[in-house]
Amino acid sequence: DAGVIQSPRHEVTEMGQEVTLRCKPISGHNSLFWYRQTMMRGLELLIYFNNNVPIDDSGMPEDRFSAKMPNASFSTLKIQPSEPRDSAVYFCASSDPGPTYNEQFFGPGTRLTVL
Amino acid sequence: AQSVTQLGSHVSVSEGALVLLRCNYSSSVPPYLFWYVQYPNQGLQLLLKYTSAATLVKGINGFEAEFKKSETSFHLTKPSAHMSDAAEYFCAVSGVGGSYIPTFGRGTSLIVHP
Chain A
4 DAGVIQSPRH EVTEMGQEVT LRCKPISGHN SLFWYRQTMM RGLELLIYFN NNVPIDDSGM
64 PEDRFSAKMP NASFSTLKIQ PSEPRDSAVY FCASSDPGPT YNEQFFGPGT RLTVL
Chain B
4 AQSVTQLGSH VSVSEGALVL LRCNYSSSVP PYLFWYVQYP NQGLQLLLKY TSAATLVKGI
64 NGFEAEFKKS ETSFHLTKPS AHMSDAAEYF CAVSGVGGSY IPTFGRGTSL IVHP
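Chains as they are written, first to last, in the working numbering: chain A, 4 to 118; chain B, 4 to 117.
Don't take every hint at face value.
Unchecked claim - Within a straight-line C-alpha distance of at most 20 Å, the following computed SDA-like cross-link-like pairs (lysine to any residue) qualify:
| id | chain 1 | residue 1 | chain 2 | residue 2 |
| --- | --- | --- | --- | --- |
| 1 | A | Lys27 | B | Ala56 |
| 2 | A | Lys71 | A | Arg44 |
| 3 | A | Lys27 | A | Arg44 |
| 4 | B | Lys61 | B | Val22 |
| 5 | B | Lys61 | A | Glu106 |
| 6 | B | Lys71 | B | Gly98 |
| 7 | A | Lys27 | A | Asn74 |
| 8 | A | Lys27 | B | Leu23 |
| 9 | B | Lys72 | B | Ala56 |
| 10 | A | Lys81 | A | Leu49 |
| 11 | A | Lys71 | B | Ile104 |
| 12 | A | Lys27 | A | Glu86 |
| 13 | A | Lys27 | A | Asn53 |
| 14 | A | Lys27 | B | Asn44 |
| 15 | B | Lys61 | B | Lys72 |
As the list claims (entries may be wrong) - Not the full set, but computed from the structure, chain B residues with beta-carbon under 8 Å of chain A:
| id | residue |
| --- | --- |
| 16 | Phe37 |
| 17 | Gln45 |
| 18 | Ile104 |
Claimed, not checked - Coverage of chain B stretches by chain A, computed from C-beta distances (three or more under 8 Å per stretch; other residues unrestricted):
| id | stretch |
| --- | --- |
| 19 | 85–98 |
| 20 | 106–116 |
The set of hints was computed from the structure by calculation and includes no laboratory data. From the three backbone atoms N, C-alpha and C, an ideal C-beta is built for every residue, glycine too.
Okay, chain B solo, but in the shape it has when bound (with noise of 0.2 Å):
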């Protein structure tokens, strides 16, 4: 079975610093990996995706994250948040054992600090 870790239920930065949002997950094969957020009110979107391409993926606002099969790890990364980033971010796995259903991580809540 698939499975996603997110550490830290809660992530706090004041805004123009570094976020980093980590994500790892449980497979023996490279899966599909995905990084959704969520805005107050909202359903998620996607914010990128991996599916064996480049190992470093560029999304929407900035964030990018990169794969790395060594660590099982998928992190999220941006250089400089903004007020606006405020939300929940969901990783999520899909494409183990044939399985086309994501698993996704329980999430982790982005505060930004003016």
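So here's chain A without its partners, still in its complex pose (with noise of 0.2 Å):
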């Protein structure tokens, strides 16, 4: 089993440039979810989907951030444009409520630094 795939795994980009990060679930999971981590704020959930329709968005911080799954293999979040606050760990999370009682699987996350 290859995990949650994530991709990028570090990105840098200057300020008003769009940034897109890439989320494979791990196959057979059902729900995915978009973290972000920082020493400030530790670790925020974004948004999450449930059989790729978007469940809950209110944790995305603003309109300039957007999150798609157009099937169940695939999943990204867009941020255009892109602010030096911005500036994070980006986690995506699969899991499949099922008789795992909702554990989360996490990717190895993207480091994403916007100048």
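Since each chain comes alone in its own frame, lean on the hints to assemble the complex.
Written out as structure tokens, the structure reads:
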């Protein structure tokens, strides 16, 4: 099992540029989560999908952030335009609300630096 | 709403000493409880979970946690710390009000001195 796959692992960009983060969940998992981790705010849930449908995006900080899940094996988180305060580690996680009692499986994260 | 409080953002122990990381949750019903570990430059991974079976839960790497309903606590312990245990530890709760979305604590950084 390859686990949750995220790309890129590191992204350095300049303020104002568009950034797209990608995630491939574990096959068979029907829930997908995007998190942001910073020293100041800790781990924040941005948005989650169930069966490819966005259920709660109340954690998305601004309209500059958007997320899609076109199919069960792929999701993107886009920031347009990016700002220095968006610098953080972004994690994707997936889960199967079955007998695993809501355990989440995290990807390795994408470290985003906006200059 | 469910919430999780981890007491102490940093815990420092000597190698071989007892590890105790504290977690309290707010819930009127027994929830699902989890401890995750995050090693540097990695994602979170599950250490152990409580799902209303045995109150003493054993996890990977010699860690265990005890669910105490009367204290609404789920503290993580390990009898003898190893240098490799140095990491960030997160407590999480889910299942309250039918929600399967976990709420994470702020995390506790475990520092292990030689």
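Each hint tested on the structure:
Of the supplied pair hints, the one linking Lys27/A and Ala56/B is violated, its CA atoms being roughly 32 Å apart against a limit of 20 Å. Restraint check: the Cα-Cα separation between Lys71/A and Arg44/A comes to about 24 Å, which exceeds 20 Å; the hinted pair is violated. Proposed proximity of Lys27/A and Arg44/A is contradicted: the alpha carbons are some 25 Å apart, above 20 Å. For the proposed pair Lys61/B and Val22/B, the alpha carbon gap of about 14 Å is at most 20 Å, so the pair holds.
Note on Lys61/B and Glu106/A: the hinted pairing holds, with a Cα-Cα distance of about 16 Å set against a maximum of 20 Å. Using a Cα cut-off of 20 Å, the hinted pair Lys71/B and Gly98/B holds, with the two alpha carbons roughly 17 Å apart. The suggested pairing of Lys27/A with Asn74/A holds, with an alpha-carbon distance near 10 Å, which does not exceed 20 Å. With a C-alpha separation of about 35 Å, the suggested pairing of Lys27/A with Leu23/B is violated against the 20 Å cut-off.
With a C-alpha separation of about 13 Å, the suggested pairing of Lys72/B with Ala56/B holds against the 20 Å cut-off. This hinted pair checks out: Lys81/A and Leu49/A have alpha carbons roughly 12 Å apart, not beyond 20 Å. Straight-line distance between C-alpha atoms of Lys71/A and Ile104/B comes to about 19 Å, which keeps the hinted pair within the 20 Å bound. Restraint check: the Cα-Cα separation between Lys27/A and Glu86/A comes to about 25 Å, which exceeds 20 Å; the hinted pair is violated.
Between Lys27/A and Asn53/A, the direct Cα distance comes to roughly 14 Å. Compliance with the 20 Å bound is thereby established for this hinted pair. Proximity of Lys27/A to Asn44/B is assessed by CA-CA distance (about 19 Å); at most 20 Å being required, the pair is judged to hold. Proposed proximity of Lys61/B and Lys72/B is supported: the alpha carbons are some 17 Å apart, at most 20 Å. Hint status for Phe37/B relative to chain A: holds, with the closest Cβ pair at about 7 Å, below 8 Å.
Look at Gln45/B: its Cβ gets to within about 6 Å of chain A, closer than 8 Å, so that hint holds up. Taking 8 Å as the C-beta contact cut-off toward chain A, the hint placing Ile104/B at the interface holds, the least distance being around 7 Å. Residues of the stretch 85–98 of chain B lying with their CB closer than 8 Å to a CB of chain A number 3, which satisfies the three-residue condition for coverage. Taking a C-beta to C-beta cut-off of 8 Å, the stretch 106–116 of chain B contributes 3 residues in contact with chain A, enough for the three needed, and the coverage statement holds.
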